Amino acid sequence: MASPNQKQVYDEQLYKIRHSAAHIMAQAVLERFPEAKLAIGPPIKDGFYYDFDLGRDEEGKLKTFSPEDLEAIEKRMRQIIAGRYPFERRVVSAAEARELFKDQPYKLELIEGLEKGGTDEHGEPIEGPAEISIYKHDGFIDLCRGPHVEHTGQVPADAFKLLHVAGAYWRGDENRPMLQRIYGTAWKNKKQLKAYLNRLEEAKKRDHRKLGRELDLFSTNHEMVGGGLILWHPKGGLIRYLMEEHAKKMHLEGGYEFVYTPHIGRSVLWETSGHLDFYKENMYAPIEIDGQEYYLKPMNCPFHVQIYKSRVRSYRDLPIRMAEWGTVYRYERSGVLHGLTRVRGFTQDDAHLFCAPEQMPQEIDRVLNFSIRLLQDFGFQDFQLYLSTRPEKRVGEEAKWDAAEDALLEALKRSGHPYDIHEGDGAFYGPKIDIYVTDALERPWQLSTIQFDFNLPERFDLTYIGSDGQAHRPYMIHRALMGSMERFFGVLIEHYGGNFPVWLAPVQVKIIPITDAQKDYAFAVAEQLRNAGLRVEVDDSDSRMNAKIRNAQLEKIPYMLVLGAKELDANQVNVRLRNGQRLGAMAVEDFLALVQEALEKKIAI
RNA sequence: GCCCACAUAGCUCAGUAGGUAGAGCACAUUCUUGGUAAGAAUGAGGUCACCGGUUCGAGUCCGGUUGUGGGCUCCA
1 MASPNQKQVY DEQLYKIRHS AAHIMAQAVL ERFPEAKLAI GPPIKDGFYY DFDLGRDEEG
61 KLKTFSPEDL EAIEKRMRQI IAGRYPFERR VVSAAEAREL FKDQPYKLEL IEGLEKGGTD
121 EHGEPIEGPA EISIYKHDGF IDLCRGPHVE HTGQVPADAF KLLHVAGAYW RGDENRPMLQ
181 RIYGTAWKNK KQLKAYLNRL EEAKKRDHRK LGRELDLFST NHEMVGGGLI LWHPKGGLIR
241 YLMEEHAKKM HLEGGYEFVY TPHIGRSVLW ETSGHLDFYK ENMYAPIEID GQEYYLKPMN
301 CPFHVQIYKS RVRSYRDLPI RMAEWGTVYR YERSGVLHGL TRVRGFTQDD AHLFCAPEQM
361 PQEIDRVLNF SIRLLQDFGF QDFQLYLSTR PEKRVGEEAK WDAAEDALLE ALKRSGHPYD
421 IHEGDGAFYG PKIDIYVTDA LERPWQLSTI QFDFNLPERF DLTYIGSDGQ AHRPYMIHRA
481 LMGSMERFFG VLIEHYGGNF PVWLAPVQVK IIPITDAQKD YAFAVAEQLR NAGLRVEVDD
541 SDSRMNAKIR NAQLEKIPYM LVLGAKELDA NQVNVRLRNG QRLGAMAVED FLALVQEALE
601 KKIAI
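With the numbering used here as the guide, the letters of the first sequence map in order to residues 1 to 605.
Hints in this document: simulated from the structure, not taken from any laboratory.
A few of these clues could be false.
What the hints assert, rightly or not - The calculated DSSO-like cross-link candidates involving lysine-lysine, where the alpha carbons are at most 27 angstroms apart (straight line), are:
1) Lys194 - Lys204
2) Lys16 - Lys45
3) Lys566 - Lys556
4) Lys136 - Lys102
Remember, it's a predicted structure, so these values are computed and weren't measured experimentally.
Using the sequences and the hints, build the whole thing.
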């Protein structure tokens, strides 16, 4: 699936540089490992990669690249670049291509795909049969559509770097051979490379797992608790409380009604919903008691459906917007767990909309705008929207798919945000809109999802009585806007780099008395600020002021109030911001006004 | 689940050719009362992830297990 992360590189020159760098790397690898089989080596966002099959050693273990190999390969690449060998393109027949690559089984498979049409040399789908072309430089030949730079010297020797080795399946299929992939990054000049490496560094500093520990926000304990299960510490818990409080308030104002449902349900529920057929491998094993099997819920939908079904519904009741902060458990494969962003137990800001067909377009508009407003409140500015349309295997009437896709598309157009369409990428039970936000480092994250469900209304036989006195099938729309509290928190931590906006900062003000003589004054000011609703701590340790400031800085507390003899005499506070800025001495009332503004505007200083 | 790498104090890491463990920070006690990012002393903290093997002897070498990290696959 194409997320924005994997999108093609649009800059023509960068594309050529990266693609050419991949070829040069393949040449260097072949020289060092003559028996290596080449797979594919495309340019990607920020760089390129190439997949190789190095075969197996005597013990049958896959041969791999060592860090020394990478160094040697990179060194050899620079020599090839210095050689300024021209890239020469030639169109060949399928037969000739097969002869050229007779020792390269993966290339032969690609040639077959090109000949038959339908896929290009990277295995990506294309229209019709493709022209088969090869590119040659310095004796190295690769099956390739191009384009490339004119000669190897045009790949800047000081603007690329091999980053790491990873395993990757041939054609992304876990049943096919595991290949060794070398990732590299390549840019037009040294400055760009440096900027990119800096961005990687910055991303590392903002890693929510690192900040989560440093700021004492959350932890996991794989030995005692289990992987993918999050322990929210007091400071993280407070932020979550504030996030939820704000979002829930918006939901109430937006016409949602809150419900609560259990964490487990009988197997018949999950049989009826179909989850035991198509989702079982992601569910925790059943709990058996009194001869009944109960499953931990992986989703809230079936429970909400039961609430809908608890009485006869009239068209006058619709739309129903049923919301729940629902905690679900999904058995994710061990290798995919990652900090807060991929976990096994999480709480969705879940809701289900039940509406009549004529209400549906309006409901879509409404929920899309609601989502964007909510995300904007958390400091996200840039949105990329994706519509995923009907896949080949699907349930539901064509007319409903038509109407739903149409409504989603129209809502996207009206939203005013950039959007794209992923043809055939919808779930089998309905089309959907996914909203990606761009964070402070311009990385995309998927948060909101708005999905039609044509499956559950049928399976549970949902109806409402229309004005004609007849039973009708309602539309059911599933939506999670923040996604999950865990994931959203992880993204938020990285977006702000731990510098939460004042309204979310667990501690908003740290009061720093310089000597014990100001302690009483410090506690008095703290009391005054607390009464105004602020979260305040007094650092009354016997550290020096410098150390207290440093600690408050490291805790990323927005405001520090330094109180010495001068402030005590003048009945003032001396304000320092966490960005190092010093606002000087002012009356407590003036400071409060300052904070009030930051709170209202939800700004991060 | 698959490929690779890694696993030493709460955290970040050292541990040189195998000879029964170190630093900084954090923590505790004491001294220090100091104007915008670290004042000082002392102390407490580890069966070197776990199991097995080689060896007179294993944090160090070998195998396995578990976990973590980077990827792949998956992500209703």
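Against the structure, the hints:
1. Proximity of lysine 194 to lysine 204 is assessed by CA-CA distance (about 15 angstroms); at most 27 angstroms being required, the pair is judged to hold.
2. Between the alpha carbons of lysine 16 and lysine 45 the distance comes to roughly 13 angstroms, so the proposed pair stays at or under 27 angstroms and holds.
3. Annotation: proposed proximity of lysine 566 to lysine 556 holds, straight-line Cα distance about 26 angstroms (limit 27 angstroms).
4. About 16 angstroms separates the Cα atoms of lysine 136 and lysine 102, which keeps this hinted pair within 27 angstroms; it holds.
Violation of the numbered hints given earlier is absent; every hint is satisfied by the structure.
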